[in-house]
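K.L.:
Each chain is listed here by its residues.
Protein chains: 4
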Amino acid sequence: MNLPLNTGLEDVQNTPDKRQLDIDQVGIKSLRYPIFFQSDELGPTRVVADFSMYVRLPHHVKGTHMSRFIELLERPEQVFAVGNMNTFMRDMLDLLEAENGHVEMRFPFFLSKAAPVSGVTSMMDYDVTLKADIGKQFALTVKAEIPVTSLCPCSKKISEYGAHNQRSLVTVEVEVDDSLTLDQLIRMVEEQASSQLFGLLKRPDEKFVTEYAYDNPKFVEDLVRDIAGTLDKAPAIGGFRVECENFESIHNHSAYAMIDRL
Amino acid sequence: MNLPLNTGLEDVQNTPDKRQLDIDQVGIKSLRYPIFFQSDELGPTRVVADFSMYVRLPHHVKGTHMSRFIELLERPEQVFAVGNMNTFMRDMLDLLEAENGHVEMRFPFFLSKAAPVSGVTSMMDYDVTLKADIGKQFALTVKAEIPVTSLCPCSKKISEYGAHNQRSLVTVEVEVDDSLTLDQLIRMVEEQASSQLFGLLKRPDEKFVTEYAYDNPKFVEDLVRDIAGTLDKAPAIGGFRVECENFESIHNHSAYAMIDRL
Amino acid sequence: MNLPLNTGLEDVQNTPDKRQLDIDQVGIKSLRYPIFFQSDELGPTRVVADFSMYVRLPHHVKGTHMSRFIELLERPEQVFAVGNMNTFMRDMLDLLEAENGHVEMRFPFFLSKAAPVSGVTSMMDYDVTLKADIGKQFALTVKAEIPVTSLCPCSKKISEYGAHNQRSLVTVEVEVDDSLTLDQLIRMVEEQASSQLFGLLKRPDEKFVTEYAYDNPKFVEDLVRDIAGTLDKAPAIGGFRVECENFESIHNHSAYAMIDRL
Amino acid sequence: MNLPLNTGLEDVQNTPDKRQLDIDQVGIKSLRYPIFFQSDELGPTRVVADFSMYVRLPHHVKGTHMSRFIELLERPEQVFAVGNMNTFMRDMLDLLEAENGHVEMRFPFFLSKAAPVSGVTSMMDYDVTLKADIGKQFALTVKAEIPVTSLCPCSKKISEYGAHNQRSLVTVEVEVDDSLTLDQLIRMVEEQASSQLFGLLKRPDEKFVTEYAYDNPKFVEDLVRDIAGTLDKAPAIGGFRVECENFESIHNHSAYAMIDRL
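Residue numbers (our numbering), protein chains in the order written: chain A, 8 to 269; chain B, 8 to 269; chain C, 8 to 269; chain D, 8 to 269.
Don't read these hints as lab results, they were simulated from the structure.
Note that the coordinates shown come from a computational prediction; the quantities given were computed from them, not determined experimentally.
No distinction is drawn between identical chains; accordingly, a pair holds when it is met within one copy or between any pair of copies.
The calculated PhoX-like cross-link candidates involving lysine-lysine, where the alpha carbons are at most 20 Å apart (straight line), are: (1) LYS240 <-> LYS150; (2) LYS209 <-> LYS164; (3) LYS69 <-> LYS164; (4) LYS209 <-> LYS69; (5) LYS138 <-> LYS150; (6) LYS25 <-> LYS240; (7) LYS69 <-> LYS25; (8) LYS120 <-> LYS209.
Based on the sequences and whatever the hints tell you, model everything.
P.N.:
What follows is the structure, given as structure tokens:
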């Protein structure tokens with residue numbers, strides 16, 4: 008697939024470079040491509056991913072082989088999964104004739120959830136990013152963006168009735184081994200929120216989540232601490248970073264907190 | 008400023024066109040430019056606006072004069088205001104040698120607001136867009152994007168305690184005469200919300216807005232109806248469109264409603 | 008699926024409203040959902056679509072049934088297609104007990120393309136939006152966002168060598184009957200550009216597209232005129248709007264043109 | 008301004024926390040505020056900045072004082088500048104009763120540029136971000152996003168005529184001392200591009216930049232190397248990171264390269 012066409016056209020990228028400057032990352036960015044991803048629930052599932060794919064370029068080479076990154080995605084019957092990114096990264100180094108590489112792939116991921124009282128099911132969406140690094144060693148993190156409800160403890164405490172609440176976005180980036188699924192990671196986070204979100208709620212469900220959130224008030228500081236405490240105890244998770252952004256319902260800015268253990 | 012340089016370079020845009028197709032709008036888009044805008048509170052105020060500027064091109068002309076749109080913004084001592092867009096539009100038609108034109112300029116606008124109990128002041132930001140059309144007649148609308156709090160009446164009614172609430176974005180586009188200021192338009196909208204937003208709230212203020220929102224529950228349908236009712240009664244306002252999007256705190260999608268009287 | 012639970016909880020949305028104001032559109036916005044779409048090439052294909060789904064609400068009703076919009080998407084074995092949106096829209100009116108409705112669904116669409124000389128294949132991505140309206144009649148438009156290359160005729164004409172060129176985004180919105188496929192619509196547009204884009208190009212392909220674009224210089228005005236001329240002749244297409252935005256390589260703003268025959 | 012109101016309302020944030028987890032960053036995010044920034048050309052200039060302001064929170068404290076971040080921006084007669092961020096950061100630590108802090112402020116910055124042949128002037132826009140860290144020491148970086156033209160050397164070399172070119176975005180983040188102005192930093196980058204951009208170009212200017220870019224073909228790899236080489240030689244600049252993204256005119260994705268010396 009990668010045999011050079013004997014085109015007689017000069018290969019400018021392959022000429023020597025004398026500026027004595029290594030390039031840390033070079034490649035393609037913001038490439039949307041349809042791929043198959045291994046879902047625990049559905050098996051191999053078609054998703055559209057946004058790819059960034061880079062290699063390290065030594066100082067004596069003028070340019071990388073941009074088109075080969077695309078060739079990597081055109082291989083038939085390729086199914087991406089948390090457990091096989093290692094192989095994909097080694098293939099990239101081989102094809103690009105490089106020694107270090109970095110790939111990020113971001114795609115929407117869905118869970119089918121049952122409403123808490125009525126049990127009606129609907130899909131919830133999450134953005135997931137796999138980040139892989141390869142050099143002498145291979146490293147992988149999984150980043151998930153998980154929307155939840157937060158309800159302000161201060162507002163609840165000082166008010167005669169009511170409490171301001173809002174949608175929040177929790178972002179966790181974790182070093183995982185293969186034994187942890189995306190479903191498990193997402194559910195670990197959602198259980199620490201004032202309430203989790205649902206696509207479809209009937210009236211008894213709406214009553215339930217309203218009261219549940221009021222019974223579980225959390226500051227943005229509480230959210231990152233409670234999630235960090237949970238991730239810290241999970242054997243399948245190594246380092247992690249947890250961020251939370253509350254889209255405050257009483258302000259036009261966000262409250263934000265972050266704990267970094269990566 | 009617009010005298011042609013005698014460059015000896017061919018003016019391709021000015022050659023005839025035989026495809027018999029008028030172009031409804033042609034010009035420049037997404038141009039950021041620093042300008043002065045007449046603020047009621049501060050006088051001429053520097054803002055960075057995002058401009059789209061178009062003219063109609065008759066079928067027999069190949070291209071418009073793109074660079075002249077920029078020249079229009081380089082005129083010294085120009086202060087934009089709701090009340091002088093008419094003049095600006097006529098200048099554009101003259102310079103572009105056109106009979107019809109359309110301009111949109113969008114910029115962030117700020118009000119200094121006092122918190123409801125403590126009285127501490129802070130700035131609140133709103134995106135404002137002026138849309139001007141000129142042909143045989145001149146027409147202007149002002150669009151303002153106004154973030155507010157909405158609190159769900161159903162959630163309040165069916166729950167033992169609490170009620171889900173969230174940030175909402177109200178967008179009003181109105182035909183105005185010069186007697187209505189941006190401040191007045193924004194305040195007319197904010198008064199119809201479950202609560203307005205503030206940059207800075209101390210604890211007594213947070214108690215106040217929490218209870219105020221709980222006392223004023225509104226569906227997205229209520230918000231657009233109450234705002235439409237208010238705009239309808241304002242003598243300085245002609246046609247209008249009001250939209251509201253609630254960034255639901257219990258879902259990962261929005262509730263939306265719109266009344267169109269433009 | 009929509010039988011009311013006998014919950015004893017009050018249905019606030021179903022109470023009467025006395026403000027005498029119809030709501031033009033009310034429903035849900037920015038809902039991401041995985042669905043199946045009928046692809047000409049691949050058959051039913053999983054895509055993640057961004058939905059906005061609205062109905063008209065008469066003045067005497069307080070609120071719509073927000074959760075029912077989600078129920079519509081949870082029906083098993085539903086495959087969306089240009090040819091069956093009519094049925095989907097009638098189902099929405101039935102379930103929502105409404106007389107008028109509007110739906111927009113936006114999703115990334117891909118074509119597998121062969122490079123012009125080497126013949127290597129790769130995917131190209133396009134954003135497609137179906138917009139359906141139903142009342143006494145049904146109407147459907149298809150909007151496609153198609154990135155292409157534009158090369159400036161003026162720059163070519165006045166320069167000793169070279170010509171500035173750039174990526175452009177053509178947006179066409181067309182009234183179609185079932186006989187026109189998305190592939191056909193996209194290819195009709197791409198053929199009018201200075202050059203079309205490809206995911207993967209080898210050196211002989213890069214030489215080809217470079218020279219092809221230089222041989223086909225087009226202003227933004229030329230692009231919308233040539234595309235309008237093509238759409239106008241297609242029997243399967245009724246009204247249309249064509250827009251083109253050139254992300255100018257010599258400026259930090261865009262050139263834009265639009266012909267509206269909708 | 009920050010004297011506690013004797014409100015009798017409990018201060019929940021000030022209660023002890025027992026989870027034994029420090030929070031690396033907590034504060035407010037995505038706050039738009041109008042401020043004054045010291046411009047070399049214009050003196051104190053009104054800009055609208057997007058602020059993120061965080062402090063470190065020790066494990067034994069439950070929450071930070073969110074409202075005090077806003078108070079910091081409400082101080083009259085405050086003019087921001089590269090040279091006085093140190094003072095601002097120390098004030099933040101004092102007011103927030105914290106030992107470590109991080110602030111990012113992003114705003115559009117403009118240079119008035121003369122076209123290369125005609126000399127007509129127009130504004131060019133750049134996004135600038137100041138990032139300040141304070142703890143035992145103070146550190147500041149300046150990030151500037153600078154759009155330029157890139158022209159592909161391979162396309163030029165292998166083609167009979169023409170060469171694909173496009174807008175590129177160079178992002179430099181540099182450790183600076185006070186002796187380097189934003190103007191100087193931006194011009195150092197622009198001089199390394201295939202061509203710089205202008206708001207307003209007349210035909211002789213368009214001829215000039217077209218030919219200039221054709222005479223200066225650069226890969227994305229060349230751009231980051233040439234800019235890195237220039238920054239490396241500037242005495243006022245310490246560490247730096249330079250990224251370049253080419254919005255390829257022949258693809259729908261970007262080429263990207265990065266050299267990191269931060």
